[in-house]
Amino acid sequence: MSIVIKNVSKSFGDFKALRDVSLEVPEGSLLALLGPSGSGKTTLLRIIAGLEVADSGAVFHDGRDITHFTARDRKIGFVFQHYALFRHMTIAENIGYGLRVRGVAKSVRQAKVDELLKLIRLEGLGPRYPGQLSGGQRQRVALARALAAQPTVLLLDEPFGALDAKVRQELRSWLRRLHQEIHVTSVFVTHDQEEAFEVADQVVVMNHGRIEQAGSPAEVFEQPANAFVMDFLGNVNVFHGRVELGKAVVPGLEVAYPEYPHSEAKDAAVYVRPHELVIERHENGAGSIEARVLHVNPAGSRTRVELRAINSDQLMTAEITAERFAELDLKCGDTVHVSPRKVRVFVPQYSI
Amino acid sequence: MPADTIALTEKARPQAAAAPGWRAQQDPPWVKWSLTIAALAVVGVIIVIPMVNVFVEAFADGAGAYWKNLFADPDTRHSIGLTLTVVPIALVANVVFGIAAAWAIARFAFPGRTFLIALIDLPFSVSPVVAGLMFVLIFGLQGYFGPFLRRDGYAVMPYVIASLGALASLVGYFLFRPRHPSARRGLWKLPAIAGAFGAAVVFGSLVLLQQVLHVWPENASLKVIFATPGLVLATAFVTFPFVARELIPVMEAIGPEEELAAISLGANGWQMFWHVTVPNVKWGLVYGVILCNARAMGEFGAVYVVSGHIAGQTDTMPLRIEKLFQEYNLPGAFAVASVLTLLAIVTLVIKSKLEDKVSPSTGVRR
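Those protein sequence lines, which keep their order, are chains S and U. Note that this note's numbering has the first sequence beginning at 33, numbered continuously upward. Note that this note's numbering has the second sequence beginning at 4, numbered continuously upward.
So here's chain U without its partners, still in its complex pose (with noise of 0.2 Å):
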């Protein structure tokens, strides 16, 4: 046994002094402060010193020229205002369908499943001026829908909204109706009436209502391009991936088995998105959010494109900070750069202390 055992030492050495793990464990200590001091330094120089320096610009004529800065100007004030008005609307279009694409790649097995995970990351990878540009080949004027929009949008606004409440209305209707011929009573068994006679109320009341209520102006051409809508989608365009990206993996890692329980309990879809699934991934989903927001805030070149850049009217909070640039009003351009950079730094603090409640193996509240 000794002599086996030496023998196996000997030979065991050499290739222990060949193992990766062994320079790792012998790095002198000067390696060790040197790449710490360097990795110290250049965030440093390129990223801490230029934020404080945004404070230190905008608070350079004392805090009365600051908020002066910030709210004196009627552009400026429509800036802030506007980005508070885009980012929610474009936020909450991605919450919509950033669920809805998570559930479908989580839960379903479908052809095109792949193309689908490749294509909610392409806003990632494409320049946000080509996706501005996209919208403005679209809806611009010299775009496909534009000259109709311009001319008929706000006319045909009411039958389209009208239309999209008759087919959810149908979709519904044949979403809740059982399956069996044996388990249908009543207006479930006569899908042709039903159907379409509950279509047409849908479309007609909603119509109605949309005209009693003025809900639309008349006499007025619908903008997209250099105008509000543009703007918010071309930053829920940027920012789509986030929410999705975020609540995928965590819904992947919950697996479907609570949700198939509670409907084997007797749950209906709703009632299990509600009290399964969102209670779930109700932390990815902030984080994703928070993430999204963030960036929202501070897009620039799509919103830039379709925007027009028109002072007091299609300028968010980037757009008029670039502005004030240009125009060499630099105490100006620093007070607003400041609001996004303590958002930011908001942003960053939240983000943090979720990832403490989100644990990274499953995205589930300890």
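Next comes chain S alone, as it looks inside the complex (with noise of 0.2 Å):
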């Protein structure tokens, strides 16, 4: 285990921003932390970094505590979210910044600048300074400062959050690329769980200063922990009901629950996702719901469908194929059947 977290909390006056969060980060692994704004993902960054102190708890690196080093004793590499290159000094001088406080040979330097501005493709830009680069470019120089001290540990702080989404899909790509190229230890944090998706190989939901999930894109993404998880990850039908008897009851639904087979009914809510909920003319036999189309928007290969229950009133949307889309030939006002491939049920956990 390259970096071991064992419940740090860190508050900011009333703030609790972390709450005893305990993550392990495996070697050679890159790692999304995913999470709303506020929801202690850049605190606990910045705890790994050595640039917060942790009110309580201990941060391992390669077996050795490492709670008490400065940041400068970690050897962790940190890029910015707004870049933070040093303005006054060229694209070089930035780079080479980690190994002149090293006290590296002005050669050896030269030419591990070179090497590294060969790796982010921006031969020849040395000489220039930070302000005459674009959002992108200045991005890369970031991440080969951070890398020119080779750091055995890299994290990055919402590493494309300021760039226009074209350069945003350029960059995304191109980090993939190079994490399998020179294989560091990466944590990132972001916003975007689309971001998170592509890029990492390992995601940790974040909320409220506490870890909701972690596991790799496909596990978090398939099996959800709970309902904030499932919420945050992309569209989500809710419908609102109850267990009891090992089922799950929706107005017009009702789905096997089996991890609640008590007589006492709950709160509960079934979640469906936009692509899960299959559309049908005639109702099938099986437990399905009568609604009506409102909106078609066919967008792309996929025409999102918005409904509404007829019973109910509830609100849903459906995404299904161009080809699926064309056999049904829906319009709006037709009247549908709309049944779920796939629920998730969550109970809201007893809060004493």
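Take the hints with a grain of salt, since some may be wrong.
In silico lysine-lysine, DSSO-like type, Cα no more than 27 Å apart, as pairs [to be verified]:
#1 U:Lys192 - S:Lys107
#2 S:Lys363 - S:Lys374
#3 U:Lys285 - S:Lys138
#4 S:Lys107 - S:Lys150
#5 S:Lys107 - S:Lys138
#6 S:Lys198 - S:Lys138
These are calculated hints, taken from the structure and not from any lab test. The model shown is predicted, which means the values in this text are computed figures rather than measured ones.
Mind assembling these two chains? They're in different frames, but the hints should get you there.
If you want it as structure tokens, here you go:
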């Protein structure tokens, strides 16, 4: 295990940024800390880097307790959200800074800087100043600067947050390839679930200073641990109902829920992703909800269909393939039957 | 649709007439011109004409007389020299304190931060005469430290300096000591021995050095009031806010991120300061120093109180001007005044040049 975090808590005044967080970052992985703003993900990253001191708990790096090490002694590369390039230094000086303060000879430094400029594909821009570069270029320079001192861990705070959509897309796949090339253990913070799923091989979902779920992107997406994770990772239809006797019941629908065999009914929510809703013209015999088509948005390969249940006025969004859409020939106002292909039932935890 | 639009415009019209922007756009030309002329007239009468007159009066008897007025009188010569001694010392002190204060305020949140900001501005709001009087009450013969400093001031100086040196070495030791036990090696593991022994060595060697080199005069009394140290203190006090005031917004605008980046890249505090902080605030600092310098050169009130205006000893240039003026030596007074005015003009030119380099939002060189 490259980085191990044990029971870390941190407060800023009354605000609890982190509550008893424990996390393991496997060697060589590319891990995403994903969560809404204020979920504590950046604080956690800064505690790993040593830029912030935890109120309690410990941080280990390669089995060594580094909780009380300064940022300088940790030898962990950190890429700031707004790059934090030294504006009065050239690109080459920026990249070489980590080597300069460690007393590396100028010739060695020069060679390393050239190598990194090549890696980030900015050869020849060494003598420029940060102000003369585009956002995407600056981001790559910031990354090269963090990599120059050969850190064993690389931390990135919202690495693509300040870039426009197209550059962001390019940099994502570039970072992915770079990680395959140099294989340094990396942790990055993002609030964009798409970004986390595309780039990372481990995703950690955070909320209110706690880790809600950690795992591979497929695990987290397919088996969300709770309603928050389900809701945060993309669009979802929520049906409110109850669970009793091994079933979850929502208006117009009944689903098996063997985890709750008791007879006492309890409030529950059934979550269905838009692409997991099946639309049919006629009732298929199994449980389905009769609904009216409100709006059809045939954008790209998938068509979004907005529906309203006739019995309960529940609003729903379904996503179907373009072929299926052509087959059904849906129009606004049509009455259809909707059934879920896959559901997830979440019973709110008892809170005392 | 058209009906809607018409209804909207009709409703909107009276509002537009009442909007505050309306009058400004409709001002007749005579308002514009009379305001401009009034402004120019005021500036001309109370700034330009008096300033030009200073030079006219100074050169009234020709360049030769001007030169003689400036440099033939030993007291005037001394006053120029004294100003050129006092001002740099006060400037250096204010740069050091200004950076420290700006750093504390811009980088840390601590109780009493707003109070400190208010305190920094205090010298601007206190009358300079009151400032001078404060120093007289502390360091004067009737003051708290005056009699002691007169008697033993120079005798205790080596020990004071040596204690400060020892304290600095102790602070440095604990500042640079690795925070975690496992990162400490050698002397870092023995704070009691290394600290005490190191401080003692620093103290002893500093005392010895000062005595061997005869740094401090013997059999002399240390005067603060009616002497150069008092002039430096008063000047530094009055001009204290300039550097800090200039630096705080610049440091706040730049933010701590570049400094944190330097630390995470392996720089120590000293390297971070010289490689990142100083280059970033460089122009703001120069700007503050220039303003500070202009004010320090011309300082009169506080210096007047603490100097005792002894000719040839504690008269700075502004005090000398006043004295020459009181003695009806108008050419002499205007000659010295012209030097101060010239310095002010030079300051103004450098200041406006620098304003191009310091962009208002970030204080950063473009």
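Non-conforming hints, listed in increasing numerical order: 6
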